[in-house]
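Enquirer: Here is how the chains run, residue by residue.
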Amino acid sequence: MIHRYIPKGDGEKEKMLEKIGVESIDDLFVDIPKELKLTEPLKIPEAMSELDLLRRAQELGEKNIPITSRVSFLGAGVYDHYVPLLIDHIISRSEFYTSYTPYQPEIAQGTLQAIFEYQTLICRLTGMDISNASMYEGASAAAEALLIALADKRKSNNVLVSAGMHPDAIQVIKTYLHYRDVEVREVPLKDGHTDLEAAKELADEHTAGMVMQNPNFFGEMEDVPSFATFAKDNKMLSILSVDPISLALLEPPGKQGIDLVIGDGQALGNGLNFGGPYLGFLAVNKKHMRKMPGRLVGVSKDTEGKRAFVLTLQAREQHIRRYKATSNICTNMSLNALMASVYLNTLGKEGMREVAIQSLSKSHYLYNGLLETGAFEEVFSTPFFKEFTLKYKGDVKKLLAKLLECNIVGGLDLSDYGREGEILVAVTEKRTKEEMDRYIACVKEVSA
Amino acid sequence: MKHYSTLIFEISREGKRGYSLPELDVPEVSPDVLKSPIREELDFPEVSENEIMRHYANMSQGNYHIDGGFYPLGSCTMKYNPKINEDIARMPHLTQVHPLQPVESVQGSLELLYELQKDLCEISGMDAVTLQPAAGAHGELAGIMMIKSYHEKNGDHQRTKMIAPDSAHGTNPATAAMVGYDLVEIKSDENGLVDLEELKKHLDDKTAGLMLTNPSTLGLFDSQVREIADLVHEAGGLLYYDGANMNAIMGKARPGDMGFDVMHYNVHKTFSTPHGGGGPGAGPVAVKKILEPFLPVPRIVKEGDKFVLKSDCPDTIGKLRSFYGNYGVLVRAFAYIRTMGPDGLLKASENAVLNANYLMHILKEDYNLPHELICMHEFVLEGMKDPGDVTTLDVAKRLLDYGFHPPTVYFPLIIKEAIMIEPTETESKQTLDSFADAMISIAKEAKETPEVLKAAPTKTPVGRIDEVYAARALILTYDDLLAYREE
Numbered sequence: 001m002i003h004r005y006i007p008k009g010d011g012e013k014e015k016m017l018e019k020i021g022v023e024s025i026d027d028l029f030v031d032i033p034k035e036l037k038l039t040e041p042l043k044i045p046e047a048m049s050e051l052d053l054l055r056r057a058q059e060l061g062e063k064n065i066p067i068t069s070r071v072s073f074l075g076a077g078v079y080d081h082y083v084p085l086l087i088d089h090i091i092s093r094s095e096f097y098t099s100y101t102p103y104q105p106e107i108a109q110g111t112l113q114a115i116f117e118y119q120t121l122i123c124r125l126t127g128m129d130i131s132n133a134s135m136y137e138g139a140s141a142a143a144e145a146l147l148i149a150l151a152d153k154r155k156s157n158n159v160l161v162s163a164g165m166h167p168d169a170i171q172v173i174k175t176y177l178h179y180r181d182v183e184v185r186e187v188p189l190k191d192g193h194t195d196l197e198a199a200k201e202l203a204d205e206h207t208a209g210m211v212m213q214n215p216n217f218f219g220e221m222e223d224v225p226s227f228a229t230f231a232k233d234n235k236m237l238s239i240l241s242v243d244p245i246s247l248a249l250l251e252p253p254g255k256q257g258i259d260l261v262i263g264d265g266q267a268l269g270n271g272l273n274f275g276g277p278y279l280g281f282l283a284v285n286k287k288h289m290r291k292m293p294g295r296l297v298g299v300s301k302d303t304e305g306k307r308a309f310v311l312t313l314q315a316r317e318q319h320i321r322r323y324k325a326t327s328n329i330c331t332n333m334s335l336n337a338l339m340a341s342v343y344l345n346t347l348g349k350e351g352m353r354e355v356a357i358q359s360l361s362k363s364h365y366l367y368n369g370l371l372e373t374g375a376f377e378e379v380f381s382t383p384f385f386k387e388f389t390l391k392y393k394g395d396v397k398k399l400l401a402k403l404l405e406c407n408i409v410g411g412l413d414l415s416d417y418g419r420e421g422e423i424l425v426a427v428t429e430k431r432t433k434e435e436m437d438r439y440i441a442c443v444k445e446v447s448a
Numbered sequence: 001m002k003h004y005s006t007l008i009f010e011i012s013r014e015g016k017r018g019y020s021l022p023e024l025d026v027p028e029v030s031p032d033v034l035k036s037p038i039r040e041e042l043d044f045p046e047v048s049e050n051e052i053m054r055h056y057a058n059m060s061q062g063n064y065h066i067d068g069g070f071y072p073l074g075s076c077t078m079k080y081n082p083k084i085n086e087d088i089a090r091m092p093h094l095t096q097v098h099p100l101q102p103v104e105s106v107q108g109s110l111e112l113l114y115e116l117q118k119d120l121c122e123i124s125g126m127d128a129v130t131l132q133p134a135a136g137a138h139g140e141l142a143g144i145m146m147i148k149s150y151h152e153k154n155g156d157h158q159r160t161k162m163i164a165p166d167s168a169h170g171t172n173p174a175t176a177a178m179v180g181y182d183l184v185e186i187k188s189d190e191n192g193l194v195d196l197e198e199l200k201k202h203l204d205d206k207t208a209g210l211m212l213t214n215p216s217t218l219g220l221f222d223s224q225v226r227e228i229a230d231l232v233h234e235a236g237g238l239l240y241y242d243g244a245n246m247n248a249i250m251g252k253a254r255p256g257d258m259g260f261d262v263m264h265y266n267v268h269k270t271f272s273t274p275h276g277g278g279g280p281g282a283g284p285v286a287v288k289k290i291l292e293p294f295l296p297v298p299r300i301v302k303e304g305d306k307f308v309l310k311s312d313c314p315d316t317i318g319k320l321r322s323f324y325g326n327y328g329v330l331v332r333a334f335a336y337i338r339t340m341g342p343d344g345l346l347k348a349s350e351n352a353v354l355n356a357n358y359l360m361h362i363l364k365e366d367y368n369l370p371h372e373l374i375c376m377h378e379f380v381l382e383g384m385k386d387p388g389d390v391t392t393l394d395v396a397k398r399l400l401d402y403g404f405h406p407p408t409v410y411f412p413l414i415i416k417e418a419i420m421i422e423p424t425e426t427e428s429k430q431t432l433d434s435f436a437d438a439m440i441s442i443a444k445e446a447k448e449t450p451e452v453l454k455a456a457p458t459k460t461p462v463g464r465i466d467e468v469y470a471a472r473a474l475i476l477t478y479d480d481l482l483a484y485r486e487e
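Chains as they are written, first to last, in this note's numbering: chain A, 1 to 448; chain B, 1 to 487.
It should be emphasised that the hints constitute simulated quantities derived from the structure, not laboratory data. Remember, it's a predicted structure, so these values are computed and weren't measured experimentally. We put the CB at the ideal spot given by N, CA and C, even for glycine. Some clues are possibly wrong.
[Unchecked claim] To give a feel for the contact side, a few chain A residues facing chain B, derived at Cβ under 10 Å:
1. 8
2. 12
3. 50
4. 94
5. 131
6. 247
[As the list claims (entries may be wrong)] Under the rule of at most 27 Å between Cα atoms (straight-line distance), these lysine-lysine pairs were calculated in the BS3-like manner:
7. B:306 to A:397
8. A:301 to B:454
9. B:459 to B:385
10. B:35 to A:433
11. B:83 to A:8
12. A:8 to B:364
13. A:43 to B:306
14. B:289 to A:43
15. B:118 to A:34
16. B:385 to A:19
17. A:34 to B:200
18. B:288 to A:174
19. B:429 to A:13
20. B:83 to A:13
21. B:206 to B:153
22. B:289 to A:37
23. A:15 to B:444
24. A:37 to A:13
[Said to hold, decoys possible] Below, a sample of chain B positions facing chain A; criterion: calculated Cβ distance under 8 Å:
25. 81
26. 97
27. 252
28. 253
29. 326
30. 406
31. 475
Build out the structure end to end from the sequences listed, making use of the hints.
Expert: Okay, here's the thing in structure tokens:
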């Protein structure tokens with residue numbers, strides 16, 4: 001039977017075989033030794049028609065409870081920010097999503113220009129000189145940033161990682177660096193933020209750099225200027241992982257003396273998608289440009305002097321440098337970076353600020369409301385942005401289960417992260433006063 | 001296609017806006033509560049929604065794309081991106097899902113991923129799969145890390161060498177370096193296949209493993225693969241299979257049966273997920289039983305009739321990224337495999353190989369074919385017969401004027417003036433014939449009017465781009481551009 005993605009008319013196969021000079025398709029596979037040839041069909045489910053497959057997908061979907069059917073206060077690195085409809089309309093254009101990596105710049109100007117604009121937006125947001133075309137996601141971007149720091153300092157053999165980093169990022173860093181025989185030293189938290197005094201104790205002359213997250217995993221604001229100073233004083237690179245939305249309000253890290261800025265771009269119009277694909281961003285100062293992994297787009301001109309965009313500084317990359325490349329990464333999450341760009345352009349100067357202010361205001365409304373119920377106690381005294389940690393006086397698992405009955409996903413149970421009784425609650429601009437009041441009422445009911 | 005290079009920053013005018021949000025319904029909190037340095041302003045564009053749409057619509061017209069035309073890119077498997085994949089990957093019930101939701105509320109997504117894992121085991125002849133890696137190179141990284149952990153677990157700390165042929169993809173050596181291995185590059189024979197004698201010279205108790213793609217990057221199947229595997233195994237090493245060329249052998253042969261211990265897939269090649277202009281892809285990794293304990297966590301497993309995320313695996317290499325993988329991409333791969341079924345996948349490989357051989361036999365008249373063998377899903381030409389001073393780059397650029405995306409050029413490195421062609425199964429005989437006509441016509445032009453090739457392309461939105469200028473001026477943002485103009 002001929003398949004709908006395989007365009008072969010009657011007799012065409014025979015004509016082609018004749019041109020090749022063989023009798024059958026099997027003759028084209030003669031190089032595969034007989035003992036390696038499969039004699040039975042693959043044991044995977046039979047082909048499904050378009051209709052049947054749509055039904056099957058629907059059926060699988062019905063076994064999920066999407067956050068659209070509940071009110072979600074889950075965050076922990078993945079945030080339910082509003083995704084303007086424009087984004088999907090733009091990335092659904094075949095010209096963007098079905099094109100290849102822009103290695104032939106004359107016929108890939110669309111993708112190249114989109115990346116160039118993305119690089120500009122990330123630089124303006126972070127206050128850095130150079131952004132690459134994007135990384136896989138935030139956690140691996142953190143690991144790659146530490147690899148830059150290690151390459152930057154001769155005889156370095158260890159790095160510092162704040163315990164306030166996302167737990168996944170800490171694990172990814174440990175995995176990447178284990179194979180390089182680099183010691184990962186975890187800097188503890190003190191009252192919710194990174195203990196730089198402890199960091200000083202942990203650092204030595206072989207420490208390449210330190211990575212810290214702001215706001216950190218528990219939602220708390222970190223002291224960025226002190227971190228930058230600490231790194232400079234100890235002759236190591238400072239790497240800051242940021243929530244890009246928070247940068248609509250905060251002084252850009254680049255202006256505070258940070259050397260490398262990274263983060264996950266999920267919050268920038270990328271939706272939830274059960275954990276991916278998202279994008280990671282990585283921005284550096286000119287000084288570290290040549291050690292940066294990943295693709296970079298620059299402006300050039302064609303033979304007639306027309307403005308044109310092209311991949312540049314490719315000598316850092318695996319397809320040219322092979323064993324000596326800065327990383328083995330090829331991918332930039334082009335389409336996800338495009339989503340982030342459209343998001344940043346659509347929200348623009350005012351909208352970014354409004355999303356940040358609304359998230360800030362609403363998270364504080366809920367925080368205060370929950371504290372007022374008397375069912376919670378404060379865990380940290382430092383400020384937070386859109387996500388906070390509270391300790392429940394009763395049984396957290398019971399509380400979260402009860403909230404689910406009220407159709408509310410109340411947050412992340414931090415007992416799975418070694419913090420008994422605490423929950424991590426995120427509030428974006430999408431949550432309404434009514435939803436938060438319902439959360440508070442439900443807590444009162446359970447705790448009464 | 002058209003030329004459009006106006007930047008969003010040049011369209012921006014003070015006071016315009018492109019978004020709408022509900023009014024804030026709680027008391028406004030000042031950023032002062034953050035007790036952190038606050039920025040003065042965010043220098044972002046101010047553009048209305050319709051202008052943004054037009055901006056991107058115009059920009060998109062500078063792109064060649066698979067829905068619009070043929071992409072014979074060797075090693076890239078640019079096949080049709082089916083539309084049902086896109087629709088399923090946008091179903092709200094499958095996508096509006098947070099990765100940390102209670103596991104009971106994501107059973108559908110986990111079931112889908114679990115089924116995909118099972119299919120990928122069967123297609124490769126392996127025993128277990130992780131879907132976590134974000135791309136092929138990321139999968140390589142996972143696989144080589146697992147090999148290293150395996151040797152460490154056995155106390156084989158002296159195994160510091162990773163072997164790869166000189167015809168390998170650039171990611172292979174770069175990956176070995178990232179995992180802290182010394183790379184030993186071995187010379188291939190004249191057909192780009194492993195030279196057994198050369199391999200034997202390098203196998204010893206320092207060998208950690210061999211990275212190989214089969215069919216090779218020359219598109220030839222290495223019939224000695226079992227012998228190669230036995231030799232490497234006898235030396236105590238493991239075999240890594242670079243799955244970039246899986247589109248040649250689905251349902252025909254399996255890396256697991258060839259003796260490989262671990263491999264990655266590129267779902268954006270073999271399983272039709274879109275390239276997106278350079279990502280997102282996904283790079284699932286399949287392993288034999290001996291490497292299963294080392295798979296990244298969490299693993300998606302079935303306990304009774306429930307799907308769970310299992311992290312309690314003492315020998316795991318850990319995590320390579322957050323969460324479970326590029327789910328949205330994996331959903332598309334799942335949809336593709338279900339659409340094709342066992343027979344469809346087999347037919348895909350058969351037709352990919354048929355199409356490649358057909359083109360090879362037409363083009364070998366005017367271009368040098370470095371071997372006289374049957375190829376698999378792709379083949380490599382060694383430039384043109386009688387090229388004069390015409391280079392492969394000129395041929396590639398001239399193809400743009402004929403409306404085709406050029407093949408992969410100057411790779412593999414072991415072939416001079418390489419032109420690497422992979423037509424895939426989703427192209428018709430008519431398309432292959434018109435591509436062949438263009439290539440033949442270019443060969444003719446090379447003799448009669450070589451200046452036309454040197455000046456190509458002339459029909460594209462922009463002409464040849466000055467790459468040296470880009471590397472020298474280093475204008476990497478709009479702000480660089482403004483500063484450069486002032487100088």
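Enquirer: None of the hints should be skipped; say for each whether it holds.
Expert: Cross-check of the supplied hints:
With a least beta-carbon distance of about 7 Å to chain B, the hint placing residue 8 of chain A at the interface is held under the 10 Å criterion. For residue 12 of chain A, the interface hint holds, the least distance from its beta-carbon to any beta-carbon of chain B being 5 Å, beneath 10 Å. Taken as an interface hint, residue 50 of chain A checks out: its beta carbon lies about 6 Å from the nearest beta carbon of chain B, inside 10 Å. Interface restraint check for residue 94 of chain A: the shortest CB-CB distance to chain B comes to about 4 Å, inside 10 Å, so the restraint holds.
The closest approach between the C-beta of residue 131 of chain A and any C-beta of chain B is roughly 8 Å, which is under the 10 Å cut-off, so the hint is satisfied. A cut of 10 Å between beta carbons decides the hint on residue 247 of chain A: the least distance to chain B is about 8 Å, and the hint holds. Under the criterion of a C-alpha separation no larger than 27 Å, the hint pairing residue 306 of chain B with residue 397 of chain A is consistent with the structure, at around 20 Å. The suggested pairing of residue 301 of chain A with residue 454 of chain B holds, with an alpha-carbon distance near 17 Å, which does not exceed 27 Å.
For the proposed pair residue 459 of chain B and residue 385 of chain B, the alpha carbon gap of about 26 Å is at most 27 Å, so the pair holds. Taken as a hint, the residue 35 of chain B and residue 433 of chain A pair is honoured in the structure, with Cα atoms around 25 Å apart against an allowance of 27 Å. Taking the CA atoms of residue 83 of chain B and residue 8 of chain A, the gap is near 20 Å; set against the 27 Å cutoff, the hint holds. As the CA atoms of residue 8 of chain A and residue 364 of chain B are separated by approximately 23 Å, the hinted pair is consistent with the 27 Å bound.
Only pairs whose Cα atoms come within 27 Å are accepted, and residue 43 of chain A paired with residue 306 of chain B is accepted, the gap being roughly 23 Å. For the hint pairing residue 289 of chain B with residue 43 of chain A, the CA-to-CA distance comes to about 19 Å; that is within 27 Å, so the pair holds. The straight-line distance between the Cα atoms of residue 118 of chain B and residue 34 of chain A is roughly 26 Å, inside the 27 Å bound, and the hint therefore holds. Taking the CA atoms of residue 385 of chain B and residue 19 of chain A, the gap is about 21 Å. The hint holds against a cut of 27 Å.
Under the criterion of a C-alpha separation no larger than 27 Å, the hint pairing residue 34 of chain A with residue 200 of chain B is consistent with the structure, at around 25 Å. Straight-line distance between C-alpha atoms of residue 288 of chain B and residue 174 of chain A comes to about 25 Å, which keeps the hinted pair within the 27 Å bound. For the suggested pair residue 429 of chain B and residue 13 of chain A, the alpha carbons sit about 9 Å apart, so the restraint of at most 27 Å is met. Distance hint between residue 83 of chain B and residue 13 of chain A is fulfilled; the C-alpha atoms sit about 26 Å from each other, no more than 27 Å.
For the hint pairing residue 206 of chain B with residue 153 of chain B, the CA-to-CA distance comes to about 15 Å; that is within 27 Å, so the pair holds. Between residue 289 of chain B and residue 37 of chain A the CA atoms are separated by roughly 22 Å; this keeps the pair inside 27 Å, and the hint holds. The straight-line distance between the Cα atoms of residue 15 of chain A and residue 444 of chain B is roughly 25 Å, inside the 27 Å bound, and the hint therefore holds. Distance check on the hinted pair: residue 37 of chain A and residue 13 of chain A sit about 22 Å apart at the alpha-carbon level, within 27 Å; holds.
Taken as an interface hint, residue 81 of chain B checks out: its beta carbon lies about 5 Å from the nearest beta carbon of chain A, inside 8 Å. A least Cβ separation of about 4 Å between residue 97 of chain B and chain A falls short of the 8 Å threshold, and the interface hint therefore holds. Hint on residue 252 of chain B holds. Least Cβ distance to chain A is approximately 6 Å, under the 8 Å limit. Because the beta carbon of residue 253 of chain B sits about 5 Å from the nearest beta carbon in chain A, less than 8 Å, this interface hint is met.
The criterion of a C-beta within 8 Å of any C-beta in chain A is met by residue 326 of chain B, whose closest approach is roughly 4 Å, and the hint holds. Checking residue 406 of chain B against chain A: minimum C-beta separation of about 6 Å stays under 8 Å; hint holds. The beta carbon of residue 475 of chain B comes within 4 Å of a beta carbon in chain A, closer than 8 Å, and the hint placing it at the interface holds.
Comparing the model with each earlier hint shows no violations; every hint is respected.
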